[in-house]
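Chain by chain, the residues run as shown.
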Amino acid sequence: MKGLKSTRAPAMAPEEMLRVAGVAAPRQPPAVVSVGSGKSVMISIRMTEQTAEALAACAIEHGVTQRRLVAEALAARGVAVAPRDLEDRPLPRRRGAR
Amino acid sequence: MAILTIASSKGGPGKTTLAQLLSGTLAAEGTGVAALDADPTGALSRWAKRLYEGLPFACHHEVDEARLAHLIHRTARDAEVVVVDTAGFGNRAATVAMTAADAVLIPMVPGEGDVTEAARTVELVAGVAAAARRDIPARVLLNRVRPSTTLSRHAAAEASALPRFSSCLSDLVAYGEMGFSGRMPVGKAGAEVAALMAELRGLGWLPASSVKTTFVKTTDTVAVGAAR
Chain A
1 MKGLKSTRAP
11 AMAPEEMLRV
21 AGVAAPRQPP
31 AVVSVGSGKS
41 VMISIRMTEQ
51 TAEALAACAI
61 EHGVTQRRLV
71 AEALAARGVA
81 VAPRDLEDRP
91 LPRRRGAR
Chain B
1001 MAILTIASSK
1011 GGPGKTTLAQ
1021 LLSGTLAAEG
1031 TGVAALDADP
1041 TGALSRWAKR
1051 LYEGLPFACH
1061 HEVDEARLAH
1071 LIHRTARDAE
1081 VVVVDTAGFG
1091 NRAATVAMTA
1101 ADAVLIPMVP
1111 GEGDVTEAAR
1121 TVELVAGVAA
1131 AARRDIPARV
1141 LLNRVRPSTT
1151 LSRHAAAEAS
1161 ALPRFSSCLS
1171 DLVAYGEMGF
1181 SGRMPVGKAG
1191 AEVAALMAEL
1201 RGLGWLPASS
1211 VKTTFVKTTD
1221 TVAVGAAR
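Residue numbers (the working numbering), protein chains in the order written: chain A, 1 to 98; chain B, 1001 to 1228.
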């Protein structure tokens, strides 16, 4: 435009766009959900013994694994938990077990 | 520089058609336009790459909200007008595109669900504007209108409380043909698009005058730069 510069404010910074969008609509999903590689990885979280015992007791009470209990709680909070993690794997057969 | 986001939380109201019309018409006028396709279907970018026959314009496909934010920021530095097409459901990329927008166009076809979702989209833009602490105007564009039908009149009346364009797009085959021919519509459809462009300029959503542009062909897109 004959070298004339615009006096308009520059476009919003990308970080600001993401922050504002997160404030305005915090629960919206991504446009495309990543399915990941499907590989199993280890998650290790340090917590107090009281919480660990409560988790174990709750799992026994409901007849599920602690892993499934945690996965269900995460899913209830809107975390995109893989369907496979919401199922209990069959217990491995032990030598001598009936 | 103007960033126009085309959004609706409802699928099928004509967002991509509107993005095609705006991008192709602006390119034909000599305006440095770039289109960003934030819809996972990639309909706009596919059309621009494979079928579009008019003067070229840059078109990029990006659905990740973080990468889209950076792409909008980069593209807005060079292009006079950035047109962002979004997916037809509430998603982060669409909200980022609304956040970045100077104005939001919300196409709506006659239908109960369409009126409801158009209203929701207007509300979402208002929420985004409040969070961004700036004005982001939004207007509903009636699409696939058959003026003689009770349905179109009723839908227009139902949407009367929403901010609306006085222009509208009729239910014309020419718009559908554009999707296959890659050519901008002429005749009645062309006149409707011209009226919409004039209204956008009247609102200050588009630059008043166009400039000559130079186009540099790249691998899969066409980069646009304003001629000096």
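One thing to keep in mind: the hints can contain errors.
[To be verified] Short derived list, chain B residues pointing at chain A, Cβ under 7 Å:
1) P1040
2) T1041
3) G1042
4) A1043
5) A1069
6) N1091
7) A1100
8) G1127
9) S1166
10) S1170
[To be verified] Far from chain A, some chain B residues (derived; all Cβ distances over 10 Å):
11) E1053
12) G1054
13) A1119
14) P1163
15) S1167
16) G1176
17) A1194
Just so you know, these hints were derived from the structure itself, not from any lab. By construction, the Cβ of each residue, glycine as well, lies at the ideal position given by its N, Cα and C atoms.
Beyond 10 Å from every chain A Cβ - status for B:A1119 = 16 Å, holds
Against chain A, run the beta carbon of B:N1091 and see if the smallest gap drops under 7 Å.
-> B:N1091 check passes; min Cβ-Cβ to chain A is 4 Å, inside 7 Å.
Please settle this one: B:S1167 was flagged as non-interface, so is its CB more than 10 Å from every CB on chain A?
-> For B:S1167, whose nearest Cβ neighbour in chain A is about 25 Å away, the distance exceeds 10 Å, so it holds.
May I ask you to check that B:G1054 keeps its beta-carbon over 10 Å from the closest beta-carbon of chain A?
-> Holds: least Cβ distance 22 Å, greater than 10 Å.
With 10 Å as the threshold, tell me whether B:E1053 passes as away from chain A on beta-carbon distances.
-> Fine: 27 Å to the nearest Cβ keeps B:E1053 off the interface.
Holds or violated: B:G1127 as interface residue toward chain A, Cβ cutoff 7 Å?
-> Constraint on B:G1127 satisfied, holds at 5 Å.
Under 7 Å, Cβ to Cβ, is where B:G1042 needs to be relative to chain A, so tell me if that hint holds or is violated.
-> Constraint on B:G1042 not satisfied, violated at 11 Å.
Minimum Cβ distance from B:P1040 to chain A below 7 Å?
-> 5 Å, holds
Hint check: 7 Å Cβ-Cβ cutoff, B:T1041 to chain A | 10 Å, violated
With a cut-off of 7 Å on the beta carbons, see whether B:A1069 makes it to chain A.
-> Interface hint status for B:A1069: holds (4 Å vs cutoff 7 Å).
Closest C-beta approach of B:A1043 to chain A relative to 7 Å, hint status = Cβ of B:A1043 sits 13 Å from chain A, so the hint is violated.
Beyond 10 Å from chain A, beta-carbon-wise, is B:P1163?
-> 18 Å, holds
Violated hints, listed in ascending order, are 2, 3, 4, 9, 10; each of the other numbered hints is respected by the structure.
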